[in-house]
Structure formats: structure tokens, C-alpha cells
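There are 2 protein chains.
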Amino acid sequence: MNSEEKVFFNKVSIMGVGLIGASFALALKKRGLCGSVTGFGRNGSNLLKAGERGIIDSFDLDPVRASADSDLVLFAMHAGSFTETAKRIAGSLKQGAVVTDVGSVKGSLVYELENILSPQASFVGAHPIAGGEKSGIDTADAELFQGRRCIITPTGKTDKTAVEMMAALWQSLGAEVVFMSPEEHDRVLGAVSHLPHIIAYEMVNAAGEIDESCLKYSGAGFRDVTRIASSSPELWRDVCMLNKGNLIHFVDVFIRRLEAVRGYMASDDAESLEEDFRKAKTLRDGLGQD
Amino acid sequence: MNSEEKVFFNKVSIMGVGLIGASFALALKKRGLCGSVTGFGRNGSNLLKAGERGIIDSFDLDPVRASADSDLVLFAMHAGSFTETAKRIAGSLKQGAVVTDVGSVKGSLVYELENILSPQASFVGAHPIAGGEKSGIDTADAELFQGRRCIITPTGKTDKTAVEMMAALWQSLGAEVVFMSPEEHDRVLGAVSHLPHIIAYEMVNAAGEIDESCLKYSGAGFRDVTRIASSSPELWRDVCMLNKGNLIHFVDVFIRRLEAVRGYMASDDAESLEEDFRKAKTLRDGLGQD
Chain Z
4 MNSEEKVFFN
14 KVSIMGVGLI
24 GASFALALKK
34 RGLCGSVTGF
44 GRNGSNLLKA
54 GERGIIDSFD
64 LDPVRASADS
74 DLVLFAMHAG
84 SFTETAKRIA
94 GSLKQGAVVT
104 DVGSVKGSLV
114 YELENILSPQ
124 ASFVGAHPIA
134 GGEKSGIDTA
144 DAELFQGRRC
154 IITPTGKTDK
164 TAVEMMAALW
174 QSLGAEVVFM
184 SPEEHDRVLG
194 AVSHLPHIIA
204 YEMVNAAGEI
214 DESCLKYSGA
224 GFRDVTRIAS
234 SSPELWRDVC
244 MLNKGNLIHF
254 VDVFIRRLEA
264 VRGYMASDDA
274 ESLEEDFRKA
284 KTLRDGLGQD
Chain X
4 MNSEEKVFFN
14 KVSIMGVGLI
24 GASFALALKK
34 RGLCGSVTGF
44 GRNGSNLLKA
54 GERGIIDSFD
64 LDPVRASADS
74 DLVLFAMHAG
84 SFTETAKRIA
94 GSLKQGAVVT
104 DVGSVKGSLV
114 YELENILSPQ
124 ASFVGAHPIA
134 GGEKSGIDTA
144 DAELFQGRRC
154 IITPTGKTDK
164 TAVEMMAALW
174 QSLGAEVVFM
184 SPEEHDRVLG
194 AVSHLPHIIA
204 YEMVNAAGEI
214 DESCLKYSGA
224 GFRDVTRIAS
234 SSPELWRDVC
244 MLNKGNLIHF
254 VDVFIRRLEA
264 VRGYMASDDA
274 ESLEEDFRKA
284 KTLRDGLGQD
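Going line by line, the protein sequences match chains Z and X. For the first sequence, our numbering assigns the number 293 to the last residue and increments by one with no breaks. For the second sequence, our numbering assigns the number 293 to the last residue and increments by one with no breaks.
Identical copies go unnamed one by one, so any copy, or any two together, can satisfy a pair.
Listed below are the simulated BS3-like cross-link pairs for lysine-lysine, each with C-alpha atoms no more than 25 angstroms apart in a straight line: (1) K282 <-> K219; (2) K282 <-> K137; (3) K137 <-> K219; (4) K32 <-> K97; (5) K14 <-> K33.
It is worth saying that the hints were derived from the structure and are not from the lab.
Modelling step: build the complete structure from the supplied sequences, incorporating the hints.
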């Protein structure tokens, strides 16, 4: 198939109906790209609410039943439960189904899922860069992926037709599709997303450790730096653990940068400190304001 | 005087006409709290532009002439030049003039300025928590201080009447006035403002060191965490150097926090990592979203 063509899935299962899963469902429905959507999750009242809002057409608290006759199964729960869920549903998936995900971490997980799910179904890893610190279906939006990048992470074994279908699907949702290997994805996202989350969480914890009562004097700067510390601890626990190979190294890089700054202050080297800050400003200004 | 009363200054000098200095001038003029405003700065074309926009009524490239007959002199240039400027103008200031500032760092600087300027003039340290990563007169705003905190930092030697006048002035501009010692100010702001600036600059530098080409995949999270890395390198060089006593210690606290996270990842301790992130989320959620 040509990635310019529209894809259509008769039945879609959303495993994990949070902001991204719900937005994906709404986006597919709005564009007429699916017949019906079934939701799976641990929280019945959330699924009920998603049903009332027309995000999903039905739901099942059992992952096997929720996915058994689907043409497209989206993993949108926390990445830490991907492997276990894949093992539970693998044997009962429809022959030829496509399983994909929206997880923030890929790496070895993609190879594992590919092995667990084949030959019954094809797995295609995907990561739409959208969402931020918000979570839950209340802010779900059919246009969430419009103008965002979606990274698709095929391996040497990934079914090419399934990859093309997923590329076409994400393009239909308004995303710009980029292909990377799972390893490249985790290196890139480790640097620009996972490490910043660790930094934001620990900036809050450091301020709390210094003196919690300081926090009431925080201004826009502190709020910006720490906004993503409101993100889900479970989600980022999973991401950090699954990408720890890169992140341990990146934390070391960051600590070395802090030690350099510490050294400039300790040795009264104002010139090097300014040069260091200026280098950062030039790079950051290059990204543009938003 | 009573801090509920309005204050009025016949002539005001703004030393350093950037975002904060210009907004202060506009705020005073809008509320009829001054007769005329003179600007001083290193950049003649900026002063000319400020004059054309009615931010200042006159300007002088010589700090002595710019401040000689003023009732209120505001130091709004980079903190690194406060001492030198104070030394230059001290002898020619009007008897009884009030000199104040809007700098992000206080500490020993307040005691130095107090000594340099007295007995001719009274120095009162002040720090309105407003501005963020923007700079320059293009975004100057008479309402910039509305609803913001302004920290006033008297010492045991600071003239009490001058302190009350400054408190009344900032309240007139819509700010909530808080009193702290210069030392307490630098500890609090070091934790919630200065350290976050170092973190933001070094997050950008770390990503650049890992792989600059990663930056094009940065999402809202990275942009939030690093937004203040677009702040002035000279200004933050000065702040870091002047508050290095606290900041060296705070950088160490932060490094220890990162080392804890590194340890949780290295030892597969997902539970401690989640607990650590959750503690941060709880603290951050307490500040509210904005």
C-alpha cells in the first residue's frame, strides 16, 4: 500500500484509555478510520466515563476479550505492563492483527513484543511526541497529534506492510512520521525527554530538601522548569527503568556539567560561566519560543 | 509615614533601562507617582527608543549626571556593576535621596551599597519577582508587578523611613511586599530561582553534548524545562557569582539527588524511584498549574 492512502480498521482496541489512548480513539473516529473502538483498562469508572463521552463504544476489563477480534490493538498503558499484557493476549489475537503502541520508550521492548506477538500479529512501535504533563481523558483531543512528530521504530523483522499502514495512519491524524531504530529512539528521547523529566522531578525534590517553605516564592522560571514534575510517577518510573542504559550515562553527563559550573563559581571564573550560559542560550534560542 | 499612603518622587533615575527598569518607569508614570524620569544606560539607541516611547523623559550616558538631582534612583542594570556604579555616583547624589534596586541577588551587596552610599543617600534592597526569560523594553508593561511579590531586604542599618517609602511604592504598583534579610533572600531565591536557571542552562548544554541533532525532537517538556536558558548570560553570571556561597551548596544537593536516581536505576529499584518521583509530584502539584 501507499502511505498516501487512507487506512481503515474495522475494530480497534485501546489498551489503557488515558489522554493519549482517548485522543487516538477520538482522532480515528473523527476521520472515519475505524468501525468501532473497545477500551481496556484497570479502572472501570474511567472506562464508563470514556464510553459516556463517545471515546469508546464498548469496554472490557479483561485484556484478552478486549483485544480478541480487533484489527488494530493500541498499547497506551504504562510501558512497564506491555510485556505482561502482550503475553496474555498473544494467543487469542486475530490472525494478521496489527499491535502498536504510543510508549515513550522503545529499545529492547520492541524486540520482545515482536517476538511475543508473532506470528499471530505484527508489532509496530510508535511514539507520538504529544501530551506533556497532562493525563486522563478529560483533556483528550482528536487534534492532539496534529502537527506533532510521530516516531515509528521498525526493526529488521517488522512486517513492512504493517509499518506502512501505521505510517499512513499517523499521517492521517496530522502527524509528521519519522523512522528510527528502537535504539536511536531511546537515545534521542532519553536526551530530550526522559532526562528532562528526571531533572524536573529532582529540581522539586532539591528545593524541598533545601527548604520547602521557599516554594511559595517560586516564580515563572521555577514553574516552567518543574511543570513536568506533575507527570505520572508510574509512567516515568517505567520509562526510566526501561531506558536506564542511556539514562545512567546521561545523568553522568549532566552531573559533569553541574560540576563544571560549580568549579567556575568556586574558582571565581565568571568568564567561563558566562561563556557556558551563552552556549546554552544560543542553542535554546535556536529552538524558538513557544 | 504610613505604608498605606501614596509616595511621590519629583525626579526618578532608572539606571539600566531594560524590561524591569522600563516597566517600573511606566508603572510610576501611569499612577502619577513621579514628576520626571531620567534613564541611564550603556546603549544610546536603546535610551533613545525608550524616550520615543515615553518610558523616560530624558537620558544621560553618564551615571553621575543621570542621578545627581534625583529623589529616587533605581539600580536595574546587571548586579555585577552595582558596586562600581554606586561608587561613581555616591558623592554627587542629592542629600536624602533613596537608592533602591530590582536585582535578583542581595546578600553582601546590600551591605556594601549601604556603606558606599551613606550618609548622602539611603539604600533599600528590593526584588520584584517578575520578568522571566524576557528582556528589553519591547515587552515593558506598567502592570508587570501587579499581583507579584516584591521582597524588600532591610538590614539593621537601613533607614526605616526609606524602607516604608519603598514598601508603599511597591504596594502602589500592585505588588505584595515581603520583608526578608539579605541572607534569607539569597537562600530562598537561590533555591527557587538561581538554581533552576543553572539547571536549565545545563540541561541544554547536556543535550547539546549528548547529540545536538536530538534537539529537533524536543517536545513541550524540554521546552518548558529549558525556557529560562534564553535568559541573559551576563545577568545570570553576575547572580551566580554573587550568590555562589549558597549555590555551590545547592548544586551539591542537586547532584546528590541525581546520584540517588542514578542509584535506583542501576540497582533496579523501581519502587524507590517511583516514590521519589511521587514526592516531587505532590510538592509540585501543591504549587498549582499556570
